[in-house]
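> Chains as they are written, first to last, in this note's numbering: chain A, 1 to 324; chain B, 1 to 324; chain C, 1 to 329; chain D, 1 to 329.
The set of hints was computed from the structure by calculation and includes no laboratory data. Among these hints, one or two may not hold up.
[To be verified] Straight-line C-alpha distance at most 16 Å; calculated EDC-like pairs for lysine to aspartate or glutamate: (1) K12(B) - D185(B); (2) K189(A) - D21(A); (3) K320(A) - D185(A); (4) K12(B) - D182(B); (5) K218(A) - D311(A); (6) K35(C) - E251(C); (7) K39(A) - E268(C); (8) K35(C) - D253(C); (9) K12(A) - D185(A); (10) K256(D) - D33(B); (11) K39(B) - D253(D); (12) K218(B) - D313(B); (13) K256(C) - D33(A); (14) K35(D) - D253(D); (15) K243(A) - D283(A); (16) K320(A) - D283(B); (17) K320(B) - E278(A).
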Amino acid sequence: MADTRYVRAINKALSDAMAADPSVILLGEDIADAGGSFKATRGLLDQFGPQRVRDTPISESTIVGAAVGAALSGLKPVVEIMFMDFVTLAMDALVNQAAKSRFMFGGQSSVPMVVRLPHGGGVNAGPQHSQCLEAWFAHVPGLKVVCPATVEDAYSLLRAAIEDPDPVIFVENKALYAMAGDLPDAPGKGVIGKARIARAGSDVTLVTYGATLFNCLKAADRLAGRDIFAEVIDLRSLQPWDKETVLASVARTHRAVVAHEAVRSFGAGAEIAAIIGEEGFDDLDAPVGRVGAPFMPVPFARSLESRYIPDADAIEAAVKVCLA
Amino acid sequence: MADTRYVRAINKALSDAMAADPSVILLGEDIADAGGSFKATRGLLDQFGPQRVRDTPISESTIVGAAVGAALSGLKPVVEIMFMDFVTLAMDALVNQAAKSRFMFGGQSSVPMVVRLPHGGGVNAGPQHSQCLEAWFAHVPGLKVVCPATVEDAYSLLRAAIEDPDPVIFVENKALYAMAGDLPDAPGKGVIGKARIARAGSDVTLVTYGATLFNCLKAADRLAGRDIFAEVIDLRSLQPWDKETVLASVARTHRAVVAHEAVRSFGAGAEIAAIIGEEGFDDLDAPVGRVGAPFMPVPFARSLESRYIPDADAIEAAVKVCLA
Amino acid sequence: MTRPAPAHGIAGNSRLLDLHRTMLLIRATETTLSKLFADSEIPGFIHLSLGQEAVAAGVCCALGSADTLATTHRGHGHVIARGIDLDGFFKELMGREGGLCKGRSGSMHVADMSLGILGANGIVGASVPLALGSALSHQTLKTGGIAVAFFGDGAMAEGALHEALNMAALWSLPMVFACENNGWSEFSPTSRQFKGKLSTLAGAFGIRHILVDGNDPEAIASAALEAADHARTAGPAVLECMTTRFRGHYEGDPQKYRDAGEMSAMTEGDPILRGRARLAELGVEAAELDAMAAQAEALVAAAVEVARADPLPDFDATLADVYTPLEAR
Amino acid sequence: MTRPAPAHGIAGNSRLLDLHRTMLLIRATETTLSKLFADSEIPGFIHLSLGQEAVAAGVCCALGSADTLATTHRGHGHVIARGIDLDGFFKELMGREGGLCKGRSGSMHVADMSLGILGANGIVGASVPLALGSALSHQTLKTGGIAVAFFGDGAMAEGALHEALNMAALWSLPMVFACENNGWSEFSPTSRQFKGKLSTLAGAFGIRHILVDGNDPEAIASAALEAADHARTAGPAVLECMTTRFRGHYEGDPQKYRDAGEMSAMTEGDPILRGRARLAELGVEAAELDAMAAQAEALVAAAVEVARADPLPDFDATLADVYTPLEAR
Ligand SMILES: Cc1ncc(C[n+]2csc(CCOP(=O)(O)OP(=O)(O)O)c2C)c(N)n1
Ligand SMILES: Cc1ncc(C[n+]2csc(CCOP(=O)(O)OP(=O)(O)O)c2C)c(N)n1
Ligand SMILES: [Mg+2]
Ligand SMILES: [Mg+2]
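Using the sequences and the hints given, assemble the complete structure.
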């Protein structure tokens with residue numbers, strides 16, 4: 001299916017996973033009748049019925065807490081939290097329960113659940129509907145964090161996340177939902193933890209994930225115009241993340257820039273940059289650059305948000321500094 | 001007052017701040033009659049009465065949410081969350097309300113509040129009573145994050161935090177409460193964002209905060225025995241953090257190791273290491289080392305937790321790698 | 001527009017006129033917002049309270065200058081009834097430098113500290129603990145004020161309500177829990193999400209519950225005065241206002257989930273038509289009411305023009321609002 | 001110790017003996033834990049349920065093998081009544097490799113999935129949503145089982161209770177909310193923290209509420225059977241057990257906040273003495289009961305010896321429990 005939208009790939013992954021495994025259920029606000037605020041669950045109520053596609057009350061903390069209890073009791077819940085900003089209401093369930101249950105119980109049980117979190121700005125949704133908080137979850141042992149950028153990954157990694165025995169934070173960038181791309185007729189299941197070289201290059205390694213991938217590719221295009229060949233790595237997941245692929249690339253390019261939409265300071269890029277700096281020290285000919293949002297909440301006005309989100313210009317500028 | 005305990009310094013800071021400013025109030029579970037689980041508020045009920053020292057129900061999210069509303073309405077609330085692990089229940093109030101209100105309202109109002117969060121292990125309290133989650137808050141624009149290690153800083157930085165017009169996350173390591181140290185008879189108020197060189201040295205810079213400072217000093221002692229002189233920097237705060245002092249030290253030592261008790265992966269140390277690697281690139285003669293807890297929940301058994309918490313040996317080992 | 005004086009002791013007739021004026025201003029504002037949004041002059045998304053004007057007008061007319069309020073994503077009516085500057089309001093929603101919040105946050109976060117408005121909120125249920133804390137300040141600092149939390153019926157499912165009812169009762173705080181019960185939680189009837197009865201819940205904590213027809217301005221105004229007086233003198237009160245959401249959850253919502261019958265029936269209970277009829281009964285001239293409506297339209301039209309002319313916010317200045325600048329301390 | 005058969009249809013007399021045996025085992029276990037803790041043979045902190053044995057015995061005797069439960073920081077009695085392996089239990093609390101959770105987590109997290117025990121919990125209120133989710137599994141997978149959430153009176157202040165009552169009612173889940181009301185929340189009387197009435201709260205969601213004397217094993221057993229049957233056939237039920245905490249909040253708590261009067265009075269209601277008296281009435285020989293007590297002591301003493309001999313957990317193996325190893329999938 002060429003020209004499949006990202007949100008449709010999510011929808012198909014949910015549908016295929018539910019068809020393949022009767023223990024998969026969906027929980028979320030307005031996901032059944034309404035098909036979800038972003039229509040990711042459209043049609044699934046009719047397909048699988050109200051027992052498996054449940055509209056919940058506006059009770060994020062108990063929705064996720066219940067998902068943990070359900071996952072410990074034979075179901076594989078997939079929860080939609082409407083905006084990642086609202087997961088702040090469910091942190092105990094995710095961090096103290098989901099992430100730790102397997103460990104706390106000495107490995108007696110896994111916690112097979114997925115929490116889908118739409119993050120990111122670009123739609124003038126304002127400070128409480130635009131945040132990128134994935135770095136928090138990457139810091140929590142027991143959780144996996146997946147951030148698909150492409151339509152195919154949206155499908156294949158969601159299938160992988162649902163099949164994964166451990167709790168997975170599945171981050172979808174709102175700005176990507178409407179993006180169209182190729183989805184094979186029989187798409188496969190991805191592997192969590194394997195990065196993808198989205199574009200090969202020899203002069204600098206751009207490490208990124210999520211929607212920022214496309215700004216990196218745009219920057220790489222422009223740089224190629226001036227004979228600077230950037231290798232673009234789409235991490236696809238932050239926990240675990242594919243250190244080997246990144247370090248191997250840096251060993252070839254000797255330069256690296258890490259870019260994401262999240263606030264730069266104490267963001268996920270810090271860990272990537274620190275590891276490159278530590279384990280790739282001898283390969284580096286220049287400091288590892290980092291591109292991320294400035295240290296402020298996501299502003300609302302068009303004139304502000306457009307300046308806030310790291311774009312291709314910002315990435316290009318960082319590459320130039322890195323090559324200077 | 002020589003030999004003042006850390007918890008007593010906290011207690012005195014609260015008492016002095018309340019005496020100096022009638023708008024300072026305390027909120028928390030069992031902080032009034034019982035004086036708090038760690039006795040940080042002992043005696044304050046008698047001193048200031050039940051209106052200003054309030055025992056709350058077990059309702060973390062509303063305690064912190066109410067603190068925001070109170071801070072927007074003329075009070076300066078100081079909240080005690082019994083264990084940092086429980087702040088997972090109050091993340092919306094901290095991240096979506098406290099941190100963003102000033103920004104969202106276009107600077108109309110500040111949000112003068114402090115949330116005290118006892119973190120850290122060492123008392124076999126297990127996976128849900130031992131976490132170090134400060135990296136989360138350092139990633140949130142609008143919050144300040146303070147982590148005092150010494151008795152004097154516990155006092156002076158808590159005074160500074162309470163006077164600060166913006167919301168401050170005040171992190172106290174449980175293992176330090178019983179530690180005794182010097183507190184001047186008329187202790188001053190600290191400055192948030194200024195690091196302290198706890199020990200001068202020329203061969204390597206150890207950057208740390210909180211209880212890990214003492215493991216760094218211990219390691220530095222041992223290293224000195226073998227003519228390796230480590231400079232130990234106590235950051236005191238993570239947001240903002242004192243980049244200048246750290247970079248200036250690295251410019252002298254050309255080597256750095258960042259150490260904290262929190263999980264190493266995606267921890268606060270990643271940002272510090274990334275900045276040293278980026279802005280101190282030309283000064284570095286070796287990769288920046290990082291010491292932190294392994295990627296697992298804090299285990300309970302003595303034989304496990306003792307191995308889990310980064311100790312002087314781990315720091316010493318990292319320094320050796322850095323000097324190799 | 002200037003801020004309405006607290007309605008205490010104002011004779012019913014003139015109070016009704018005040019209420020009507022306020023409702024007309026909200027109606028004119030949101031009707032205009034709907035157009036501006038359709039023309040994409042307003043970024044992001046907006047939630048209109050058309051049909052719910054009586055709640056905003058009635059509750060806010062019971063408030064005095066010391067009082068505070070925290071509201072929701074559907075808070076335009078509340079802040080207008082509280083007397084917010086219309087120019088600054090439109091500038092904010094249109095993302096301009098002169099906005100009440102300098103265009104930082106838009107419709108879901110409109111605030112005016114000088115009017116005791118602790119902000120609209122993008123987090124369902126968040127207004128409740130914020131108002132609780134404000135009530136704690138009123139009590140501790142003896143301001144004589146009360147705090148009002150506006151929240152929707154869907155928000156009743158959040159644990160925040162339970163925790164706040166308990167703390168308000170425990171500390172006997174000067175607070176009004178104002179539930180705007182429009183029967184909808186986004187695209188679902190709240191009856192399919194929430195099984196609790198607010199009256200019983202309030203009762204479980206010993207809190208006074210007042211139920212009122214949320215489309216009858218007069219009824220709300222007196223119920224609100226009763227609730228506010230109770231809060232000032234005896235502790236927390238819950239005011240549940242049964243009302244009607246004329247528009248979709250947000251502008252642009254096709255509302256497939258609502259049948260034509262409901263859509264047409266609801267307008268019959270239009271609080272503005274009811275207010276107008278009542279005033280006619282009381283002998284107010286139709287001409288006077290038409291003039292009032294025209295004046296509201298004019299105020300709004302003027303504000304929109306002012307807002308359009310306002311510059312866009314400058315990015316670099318924005319950073320200064322994250323933390324309190326030293327000089328501002 | 002083997003797991004008690006579900007008490008359905010067992011004649012009262014022998015059921016009472018089962019209950020008594022269970023209470024004695026809990027009593028012996030926790031009395032011993034108190035000593036072990038004093039001798040620092042147990043790391044961290046522990047919360048004992050001495051005085052509350054009847055709740056654990058009574059509620060768990062109503063459960064069948066398909067049923068699940070989630071409990072609290074004060075959960076020793078519940079897991080013992082559910083039939084947990086005593087050796088593994090002591091090993092866990094003493095931080096040994098052979099512990100039920102391999103010494104990873106101790107007293108506050110004891111779990112045994114094979115018995116449907118989803119763990120004790122260090123987070124007040126967390127047992128409630130966990131059990132709710134487990135009930136959702138029972139309903140969706142048609143296991144015929146029910147889920148029980150044990151929680152304390154202090155936990156009622158957490159929003160989790162409100163959210164879970166609503167969802168359980170909304171979906172008519174096979175769940176029992178078992179409130180262990182011992183009047184204390186740490187060092188404070190819960191009456192100084194929580195103003196709500198559980199019966200009314202349950203009623204607000206249309207949920208059946210059953211109040212029972214939590215120190216009368218017989219009364220709890222039948223109330224629990226009633227609640228469990230209701231959950232199996234008609235949806236959620238709340239079981240509120242009024243009981244008594246003999247010890248401090250945690251071992252080592254000096255309890256300055258409790259007066260001598262209360263301390264001495266409370267032992268009079270001792271559920272074990274009451275059970276013993278009742279059994280005597282029914283003609284059970286004192287000798288038999290003494291033998292039963294001795295047997296419990298012996299079981300515990302043996303388990304402690306086994307635990308002491310058990311090796312300490314190996315750190316490197318611990319990492320393997322963070323994520324599910326590939327081979328385990
Ligand atoms: C914590 C949180 N969860 C979900 C949402 C998404 N959301 C916005 S409005 C709304 C429905 C609220 O219904 P109600 O409280 O009745 O207010 P109304 O829209 O009817 O005025 C939801 C679910 C949100 N903004 N915040
Ligand atoms: C979320 C959370 N807040 C606070 C605590 C600290 N704490 C542990 S037990 C307890 C009191 C609980 O009282 P109750 O629910 O009545 O249980 P009981 O101890 O009486 O069995 C508190 C406040 C905690 N563990 N978790
Ligand atoms: Mg509604
Ligand atoms: Mg209790």
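> Hint by hint, say whether it matches the structure.
Right, here's what the structure says about each hint:
no.	hint	result
1	K12(B) - D185(B)	holds (11 Å)
2	K189(A) - D21(A)	holds (14 Å)
3	K320(A) - D185(A)	violated (41 Å)
4	K12(B) - D182(B)	holds (13 Å)
5	K218(A) - D311(A)	holds (9 Å)
6	K35(C) - E251(C)	holds (10 Å)
7	K39(A) - E268(C)	violated (33 Å)
8	K35(C) - D253(C)	holds (14 Å)
9	K12(A) - D185(A)	holds (11 Å)
10	K256(D) - D33(B)	holds (10 Å)
11	K39(B) - D253(D)	holds (13 Å)
12	K218(B) - D313(B)	holds (9 Å)
13	K256(C) - D33(A)	holds (10 Å)
14	K35(D) - D253(D)	holds (14 Å)
15	K243(A) - D283(A)	holds (14 Å)
16	K320(A) - D283(B)	violated (21 Å)
17	K320(B) - E278(A)	holds (14 Å)
In the structure shown, a violation is registered for the earlier hints numbered 3, 7 and 16, in ascending order.
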